[in-house]
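**Student:** If you read the protein sequences in the order shown, they are chains A, B, C and D.
Following the working numbering, the numbering of the first sequence begins with 833 at its first residue and continues without gaps.
Following the working numbering, the numbering of the second sequence begins with 833 at its first residue and continues without gaps.
Following the working numbering, the numbering of the third sequence begins with 833 at its first residue and continues without gaps.
Following the working numbering, the numbering of the fourth sequence begins with 833 at its first residue and continues without gaps.
Quick caveat, the hints were computed from the structure, so don't treat them as lab data.
You may find that some hints are simply not true.
Identical chains share a label here; the pair holds if one copy fits it or two copies do between them.
With a cut-off of at most 20 angstroms between alpha-carbon atoms, the simulated EDC-like pairs for lysine to aspartate or glutamate come out as follows [unchecked claim]:
(1) K980 to E936
(2) K1088 to E888
(3) K1088 to E972
(4) K984 to E972
(5) K1105 to D983
(6) K980 to D882
(7) K1105 to E888
(8) K898 to D908
(9) K976 to E1090
(10) K848 to D882
(11) K1089 to D872
(12) K951 to E972
(13) K1031 to E1147
4 protein chains.
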Amino acid sequence: MNRGATEDQIGAVTSKIQSFGLDANISRGTERTVIGAIGDERKLDPEMFDSLSGVEYSMHIVKQYKIVSRESHRQDSIIDVGGIPVGGTQVQVIGGPCSVETQEQMDSAAQHVGAAGCKLMRGGAFKPRTSPYTFQGNGEEGLKMFRKAADKYKLRIVTELMDARMLDTFLRYDVDVIQIGTRSMQNFELLKEVGRINKPVILKRGMSATVSEWLMAAEYIAAGGNHNIIFCERGIRTFETAYRNVMDVTCIPVLKKETHLPVIVDPSHAGGKAWMVPALARAAIAAGADGLLVETHPNPCEAWCDADQALNPQEFQDLMGSLRGIAEVIGRNL
Amino acid sequence: MNRGATEDQIGAVTSKIQSFGLDANISRGTERTVIGAIGDERKLDPEMFDSLSGVEYSMHIVKQYKIVSRESHRQDSIIDVGGIPVGGTQVQVIGGPCSVETQEQMDSAAQHVGAAGCKLMRGGAFKPRTSPYTFQGNGEEGLKMFRKAADKYKLRIVTELMDARMLDTFLRYDVDVIQIGTRSMQNFELLKEVGRINKPVILKRGMSATVSEWLMAAEYIAAGGNHNIIFCERGIRTFETAYRNVMDVTCIPVLKKETHLPVIVDPSHAGGKAWMVPALARAAIAAGADGLLVETHPNPCEAWCDADQALNPQEFQDLMGSLRGIAEVIGRNL
Amino acid sequence: MNRGATEDQIGAVTSKIQSFGLDANISRGTERTVIGAIGDERKLDPEMFDSLSGVEYSMHIVKQYKIVSRESHRQDSIIDVGGIPVGGTQVQVIGGPCSVETQEQMDSAAQHVGAAGCKLMRGGAFKPRTSPYTFQGNGEEGLKMFRKAADKYKLRIVTELMDARMLDTFLRYDVDVIQIGTRSMQNFELLKEVGRINKPVILKRGMSATVSEWLMAAEYIAAGGNHNIIFCERGIRTFETAYRNVMDVTCIPVLKKETHLPVIVDPSHAGGKAWMVPALARAAIAAGADGLLVETHPNPCEAWCDADQALNPQEFQDLMGSLRGIAEVIGRNL
Amino acid sequence: MNRGATEDQIGAVTSKIQSFGLDANISRGTERTVIGAIGDERKLDPEMFDSLSGVEYSMHIVKQYKIVSRESHRQDSIIDVGGIPVGGTQVQVIGGPCSVETQEQMDSAAQHVGAAGCKLMRGGAFKPRTSPYTFQGNGEEGLKMFRKAADKYKLRIVTELMDARMLDTFLRYDVDVIQIGTRSMQNFELLKEVGRINKPVILKRGMSATVSEWLMAAEYIAAGGNHNIIFCERGIRTFETAYRNVMDVTCIPVLKKETHLPVIVDPSHAGGKAWMVPALARAAIAAGADGLLVETHPNPCEAWCDADQALNPQEFQDLMGSLRGIAEVIGRNL
């Protein structure tokens, strides 16, 4: 309450709390009176109280997310992707090109991704692009090529869903992990749709989403019944212009504390340049990430998009080696 | 090019530019060589060049947006909303509650919004909410109530579309202006859909979208054929925690320079508190905005959402008075 | 406290609060226990408690600033600058060039600044520059030229102090208002020095300082005995690259609520381009600012620094006219 | 140049470039004309050109920093701190408490820091604090205690200088490494002072400084003749409120590319909580940092400041073990 709040004002707040079936605890300090709501405060919205007179501000003490919270589920969850575990002691690197270009490119990529030891592969058939005039992905044709190439090398596939109307198509091609991109993290209708199916979902962090908003976005999926959620940090937007985004390693230990779900990192989109990827990938694993999404292309100079951030097959394989070493230092394996 | 780039590297860049049908201009400085592409560089993607060896970085000189740019259309565009102009010398204030609650509330709101001199009214039937456990709007029933209330007072209606699958419903209730919310600014599939129809669109700025990304999002709509676009600044996300967002007044003169389309401001969502709204609303008009989206509710303390940011009818009417004064000082009317 | 905090942990926190002479209020909710400290909590540091086991987090309820707070002094303070009031109903525009270049330039600038109706003039003798290789100001010689030019036109002078060791020199030239620049907002030793003298101080906001940190910086000055403090917003750093800074108009009503001291705005440094200045200046006054710092130069194209952000004499005079109109609409004069 | 710039406008820019002794290269595209300056463009300031008519914008192609740049010195520099190398294959961890409290605390800290294998120790005698009402450090008395404790265990000392007037005192106690804190990164007068002496300097990144501004701040020191500079990343300010700062690992590979000087990281101030420090410390080393500044205290719960971010002796020693493992994986030792 404001300094000098009256008894009537205090009473009004107390009544409003009680009208929702909670109790009120009144603590009178020397300068301020603080009123606490006792009960399930998720029913209350702070803004209901901010508009009452005499209220300085109001806030939640209990977190708004439930199903995804570590409090509701103490052990680490391991997500099963067609028999491949994400989470737990095993670290999973998901390699592949930015976009599905041709069958030949995908076959070649699947071959080198598998050879480097990966069990999952990434690739975009539908691409969110800032400009309407640039390549938007191969669409359904791309899904078909991706599925075919991955099957040949026994890889599970990860690809981005941008539009709820395409979900059936994704299921038809048996996409193993549905990726929700950074621009869709708060596309609540899309989150509700993937919450209704039983497929693992990689939920990328919005480019300027707080950890709390990200957890709430996951809660949207979980609330629909789908608890197979993998968080993916991909760099946040800051004032810095020397690189595309700032990869936020701090979110890794913080998420590990707040949620039982696995956390992976995309160092390729974070840095935006292939030469930065090995340093960032190593940092993510050292900080405790459960896996990575890494762009790698059979021939980066000829990639149709994000050419400057893909590793070539040799760089990718070298990176896998040093990641294996770091994983072992912290008691994991890759 | 990097310092010490070789002639072969310079040649490779030059060839790549020429392979897209453009010419190359090579400028050799004392420390760096700069290569310029001459022709329609929108065909080129800087990342195609960043991956070539010897390249330090590459960038666009020409802007990526065309239809929405001031260069393509010198005069200010005036958007016609059922006979009401947005843009030009007239300033339009669009008042109304955060969400459609009941028919009675909407009737009362429409009455006081119209009485204050507004021609357009706002209200949300579908609400994007951070938590899946809070009120999500009245949906189609809300559209019906809104339409009915607005018709009684001859007001045009503005309401948010979150899902392409609801577009037909919006058209059925003859929504006058479709609002694309901050979280949907880069929902490219949704932008393409509203690009195909012939209805005015208010495009809110993403909460951390650059002006350039915002113009590109508008270009997605325009590229589909719908040029009836109104930009709406609603506060950006920064490090500051004392208020919800930072209302960016600088974007007003900058957009006026870059685009011919109207620019309005939402001071209610920017500040997040009703007591800040008059100062912010006045600042927006003084900076040259073509209008405002202002939350006002017949009884803010009982609003179902964002209760603490709505003006009551008297506050709203008082604000209209001072805005009229400011509009006149800068040669406009309201 | 964490969910599941033990009675011993609750007891330890309670004891620690009591050891500082305060009382503890314990509120046991269904999911969390909240412990409040009752008494002058400025003696406590939240981090003292965050390190105790069982504590989830701790925070201040009462604000850390006292002397500068609106709670300690209800009326608006008016700062007396050699007989000229800053704060109150009068709006003060402080015009002048970025840097003191020559006597001739300063005489010419003082003439046009005075002619436009200003009572105070700005100009830098010591310039903080990002690069060590660019012009760093004329130093003491510049102060002398500035004083001479200002005296001729009966203007008070405002100039930046970067180094405590130069304070005596500033006093010798009888600088009327000492400006603390954005990079010095948390130069605590410098703040303490200007806190010991009895001269008005303009305290610019750090380029990414929160309002709370800014108020605390002012509290450093006030704690030394100098209460003649004027806040100056000059744009904050964000992700946006289309303009130098984002002028934060929201801080104006917020500061007016939190502090009794005057608030001015520098639209020139905020936007960084002369063509943006009129819109930003009008927005600042409309939002309730008590004045402005505006760069104006007799011949902007020949200015030695920040050439692209200075208004020429005619533009400056035109701006004064429209500002006067806006001031009147909101019950002030200029 | 703007679209439609006239020949006269192009001529004026060309003349201005030539008046500084450089040549101009004119490249006429289909939509824009681009003018390049050929010669040492550090003499030119883009803002000199932005104010000319017909100019859209101007920018530097060559970087503004020279002495600190990798281009001027290809090999990694190793800074000699009283016989201990910073930079090169050896990784240095600098442990110690936030502030110097008592002789006993410092003796105890020096003992455990040395026992863990460190060669350098940190500790603050002068503390920059946001509030004037909190503990400001023990000052000169603190330096004396620190020196004494460090000498007993043969440790080099690192401590923060906030005020140029204290430099002589620092030299008198033979401080081995002078730390310039985040709030002083652009205190140019202080940078010039430490540029005149021959002591290693740790230059912390400003809390919202770009990499480019940071390199320019180092250039201020280097331009004075002192090339013994160590960069220290300590977390940047963003929109995220779940942790104090965001530790920017991306700056490590970027600085390694741009400068020959060593780069260390302070994971304690970045995260702000002791439980986050191990993950962040490991990430920094994995990303290629040359060392760390880590807060550790004999008894964190009784620390006088930042109690919640210091590791206890056991945690510190455990961390050293895992860091050693990671260093070895990437070919370094600790």
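**Student:** Against this structure, judge whether each hint is valid.
**Tutor:** These are the hints, each one checked on the structure:
1. Proximity of K980 to E936 under the C-alpha cut-off of 20 angstroms is restricted to the intra-copy arrangement: shortest distance 11 angstroms within a copy versus 58 angstroms between copies.
2. For a Cα distance limit of 20 angstroms, the shortest separation of K1088 from E888 across copies, 15 angstroms, qualifies, whereas the shortest one inside one copy, 33 angstroms, does not.
3. Taking the closest pair of Cα atoms, K1088 and E972 never come within 20 angstroms of each other, the shortest separation being 36 angstroms inside a single copy and 40 angstroms across copies.
4. For the homomeric pair K984 and E972, the shortest alpha-carbon distance inside one copy (19 angstroms) is at most 20 angstroms, but the shortest distance between copies (47 angstroms) is not.
5. Taking identical chains as interchangeable, the C-alpha atoms of K1105 and D983 are never at most 20 angstroms apart, the minima being 30 angstroms within one chain and 46 angstroms between chains.
6. For a Cα distance limit of 20 angstroms, the shortest separation of K980 from D882 qualifies neither inside one copy, at 56 angstroms, nor across copies, at 31 angstroms.
7. When the C-alpha separation of K1105 and E888 is checked against a cutoff of 20 angstroms, the pair qualifies only between copies, where the shortest distance is 11 angstroms, while the shortest distance within a copy is 47 angstroms.
8. Taking CA atoms no more than 20 angstroms apart as the test, K898 paired with D908 passes inside one copy only; the shortest distance there is 15 angstroms, against 47 angstroms between copies.
9. In this assembly of identical chains, K976 and E1090 lie within 20 angstroms of each other by CA distance neither inside one copy nor across copies; the values are 38 angstroms within and 42 angstroms between.
10. In this assembly of identical chains, the alpha carbons of K848 and D882 lie at most 20 angstroms apart only when taken from the same copy (12 angstroms versus 32 angstroms across copies).
11. For the identical chains of this complex, K1089 and D872 are neighbours neither inside a copy (22 angstroms) nor across copies (33 angstroms), given an alpha-carbon limit of 20 angstroms.
12. In the homo-oligomer, the alpha carbons of K951 and E972 never lie at most 20 angstroms apart, since the shortest distance is 23 angstroms inside one protomer and 45 angstroms across protomers.
13. For the identical chains of this complex, K1031 and E1147 are neighbours neither inside a copy (32 angstroms) nor across copies (40 angstroms), given an alpha-carbon limit of 20 angstroms.
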